[in-house]
Amino acid sequence: MGTSGCPWESACTLPLGDTTGLVYAHLRAHNFIHNHSARAGCPWPLCSREMRWGNVARHILERHLRMRVQCVFCGHTYSRNEALQTHMNVCMEVSHLAYRQR
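Going by this note's numbering, 139 is the number at position 75 of the sequence shown; the sequence numbering is gapless.
Where hints are given, some of them may not hold.
[Claimed, not checked] Quick list of simulated restraints, FRET-style, between CB atoms:
#1 149 <-> 109: 28 to 36 Å
#2 136 <-> 103: 33 to 41 Å
#3 146 <-> 75: 32 to 40 Å
#4 72 <-> 126: 40 to 48 Å
#5 103 <-> 138: 16 to 24 Å
#6 76 <-> 153: 34 to 42 Å
Hint data in this document are derived by calculation from the structure and do not stem from the laboratory.
Each residue gets a CB set at the ideal place from its N, CA and C atoms; glycine is no exception.
Assemble the whole structure, with the sequences as input and the hints as a guide.
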């Protein structure tokens, strides 16, 4: 999906990125730093969601940037890599069986 503009500072030229690592790097650049297991509010403007700091980047990617991952076999999309991997294990078997039955 690519990158998105910074919601905290209009003059910021750093991309938010499309991975949790890049989101955390961007948050650190704006001094949003917490203990990974500490509870914290989402720093996104107008978001009042509270969670463990270790989940903030994934929350931003899923809820605010609407990042999705897509199955290469059927095109179905998911907001989390874990869900995609579970789906692809089944989808790959179904695709393989359908191909073998031709």
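Hint check results:
For the pair residue 149 and residue 109, the beta carbons lie near 32 Å from each other, so the given range of 28 to 36 Å is met. Under the hint 33 to 41 Å, the C-beta atoms of residue 136 and residue 103, about 37 Å apart, fit the expected range. Checking the proposed 32 to 40 Å range against residue 146 and residue 75 shows it holds: the Cβ atoms sit about 36 Å from each other. Our hint of 40 to 48 Å for residue 72 and residue 126 is violated, since their Cβ atoms are close to 19 Å apart.
Checking the proposed 16 to 24 Å range against residue 103 and residue 138 shows it is violated: the Cβ atoms sit about 38 Å from each other. In this structure the hint that residue 76 and residue 153 lie 34 to 42 Å apart at CB holds, the actual value being about 39 Å.
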